[in-house]
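**Student:** Chains A and B, in that order, are what the protein sequence lines are.
Just so you know, our numbering puts 161 at position 161 of the first sequence, and the rest follows in order with no gaps.
Just so you know, our numbering puts 155 at position 155 of the second sequence, and the rest follows in order with no gaps.
No lab work stands behind these hints: they were computed from the structure.
Keeping only pairs whose Cα atoms sit at most 20 Å apart, straight-line, the calculated SDA-like set for lysine to any residue is:
1) A:K106 / B:P197
2) A:K123 / B:Q170
3) A:K120 / B:T175
4) A:K131 / B:T175
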Amino acid sequence: MSLLQVNQMTHYFGGLRAVYNYNLSINPGEIHGLIGPNGAGKTTIFNLITGIYTPSEGDILLDGKSIKGMRPHVIAASGLARTFQNLRLWRHMTVLEHVKLARYSKITYGLSGAFFNTPKRVKEEDDITQKSMELLDIAGIAHLADTVVTNLPYGAQRRVELARAMAIEPKVLFLDEPTAGMNPEEMIQMMEIIRQVKEQFNLAIFLIEHRMRLVMELSDRVQTLVFGEVVAEGLPEEVRNNPLVIDAYLGKEVET
Amino acid sequence: MDTFLQNVVNALQWGSFYALIALGYSMVYGVLMLFNFAHGDIFMVGSYIGFFIATGLISLSALGIISLPGWAILVLTILLAMLLTSFVGVLVERIGYRPLRDAPRASAAITGLMIGIILETGNLYLLGASRRKFPEIIETNIFKLGNVSLTNTKIFIVIISLLIMIALHQFIQHTKWGMAIRAMAYDFVVVPLMGVPVNAIAALTFGLGSALAAAAGVFYGMAYPVLDPYMGIEYGWKSFVAAILGGRGSVIGTVIAGFLMGFLDIFVATYFPSTMRNLISFSIILVILTFRPHGFFGRAYSAQLRL
Numbered sequence: 001m002s003l004l005q006v007n008q009m010t011h012y013f014g015g016l017r018a019v020y021n022y023n024l025s026i027n028p029g030e031i032h033g034l035i036g037p038n039g040a041g042k043t044t045i046f047n048l049i050t051g052i053y054t055p056s057e058g059d060i061l062l063d064g065k066s067i068k069g070m071r072p073h074v075i076a077a078s079g080l081a082r083t084f085q086n087l088r089l090w091r092h093m094t095v096l097e098h099v100k101l102a103r104y105s106k107i108t109y110g111l112s113g114a115f116f117n118t119p120k121r122v123k124e125e126d127d128i129t130q131k132s133m134e135l136l137d138i139a140g141i142a143h144l145a146d147t148v149v150t151n152l153p154y155g156a157q158r159r160v161e162l163a164r165a166m167a168i169e170p171k172v173l174f175l176d177e178p179t180a181g182m183n184p185e186e187m188i189q190m191m192e193i194i195r196q197v198k199e200q201f202n203l204a205i206f207l208i209e210h211r212m213r214l215v216m217e218l219s220d221r222v223q224t225l226v227f228g229e230v231v232a233e234g235l236p237e238e239v240r241n242n243p244l245v246i247d248a249y250l251g252k253e254v255e256t
Numbered sequence: 001m002d003t004f005l006q007n008v009v010n011a012l013q014w015g016s017f018y019a020l021i022a023l024g025y026s027m028v029y030g031v032l033m034l035f036n037f038a039h040g041d042i043f044m045v046g047s048y049i050g051f052f053i054a055t056g057l058i059s060l061s062a063l064g065i066i067s068l069p070g071w072a073i074l075v076l077t078i079l080l081a082m083l084l085t086s087f088v089g090v091l092v093e094r095i096g097y098r099p100l101r102d103a104p105r106a107s108a109a110i111t112g113l114m115i116g117i118i119l120e121t122g123n124l125y126l127l128g129a130s131r132r133k134f135p136e137i138i139e140t141n142i143f144k145l146g147n148v149s150l151t152n153t154k155i156f157i158v159i160i161s162l163l164i165m166i167a168l169h170q171f172i173q174h175t176k177w178g179m180a181i182r183a184m185a186y187d188f189v190v191v192p193l194m195g196v197p198v199n200a201i202a203a204l205t206f207g208l209g210s211a212l213a214a215a216a217g218v219f220y221g222m223a224y225p226v227l228d229p230y231m232g233i234e235y236g237w238k239s240f241v242a243a244i245l246g247g248r249g250s251v252i253g254t255v256i257a258g259f260l261m262g263f264l265d266i267f268v269a270t271y272f273p274s275t276m277r278n279l280i281s282f283s284i285i286l287v288i289l290t291f292r293p294h295g296f297f298g299r300a301y302s303a304q305l306r307l
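Bound conformation, chain A alone (with noise of 0.2 Å):
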């Protein structure tokens, strides 16, 4: 059993078929790869394992434990993180409080905490605050806590997604398209972050990416989908060379 195992989920969207039969298995420490056109219904994927849709047909399972129909910020508590391929950052909230509200779920003080400062209060708020800068330090933003997230360029935005959905201490963290937006360089740096997130955390990684050399390099699987279907899947290599892939990417070569 994997840690994240999807079987043959299918969803439609009224009468339109947007997902079919879609089959997954991630362990921690691995990096699946989903690539395909526009259009395909990747981000659909996202979030119907997420829970902000109910997939029409199929099991979900996280440690073995069914979370299809489950709500959002229950999966999003029971270990399972992701980012936004737009940006949704909250944008006049400083960098330490997006990844502080990211721990939402693991904070037990109660009311009588919020109003009166208990000890047990001021100890879980240093805590708190001392592991979200272990984050932002990972992500290479400590030095923007105090920052509000809107006077940020691009990438540090994206750092921020990355270290927010960090902060809720996932067992599997799903990443829609990490680098869009970004320069050759910031790219790079991103490649890093997320391997080293990966290696530290043992985290079992789901990426969406359009770059195909990010994908390539990064994933120990990828999966290609088009109209909703896996038309391929393997080694980085194998899907590559793959003439359904190519087709899918660059056309069919018309016979004469």
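For chain A, the structure is supplied; the task is to place chain B on it using the hints.
**Tutor:** Same frame as chain A, but now just chain B:
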């Protein structure tokens, strides 16, 4: 000069009511992007709940069943009224607004107005049209500071209101719930994915706002001890304007705007015919909003905040 100072004192007291009620509007709008138009009536409900608790405790004391000093009855009345009214607020959210979370905003607005009417007419049906007199919980002492006359209730109301506002500000800025409330102003998609139960936070926001309105209701009863089922309408609307003026979800802005409303009410009535009070104070607010459409501390938000 003395009349001026006297007016300042009165305006502070009025402003406390407006600010406390406005905070409930503002928080709910900040989190759910809807105005809870029943909020003025929640203030009325809080005032009535306070009335029943205070009357009950006082008669129990008179009968010798319990023996509580006046200040203890006052504290109990405030706390119990806040607690019970917060349940009313949570109920309103659960029954009235949650089913409409994804409906057009107009549906929520209509629902709010309807809940308000239900609360008003329900009160009328249950308790009759006669006004109620809020009991004097603690003896009012008047004392003079120069030529300015102060009462212990006025001082109590202003100080306790300010303390409540400071506590709320601390709560919003420095606790996990407060951070969740602020984050939910931006979206409903990411916040749950970070492990935050959004429905619980929405209910908490309604509960907190209603508790503040109940505090305002009790204070109002102490200062102007006549309650009627429609008392929430004018104060509700004026506080709503204060919430707009303060800026969406901003505690400090809303408090400042609430006190500004109080000052406008009192000072316009002092220097102009009091029949023109609302006309003039609302005109001033219109001018302010022309130059600061997002309010004092509000920020420009796009209408498309959600998926």
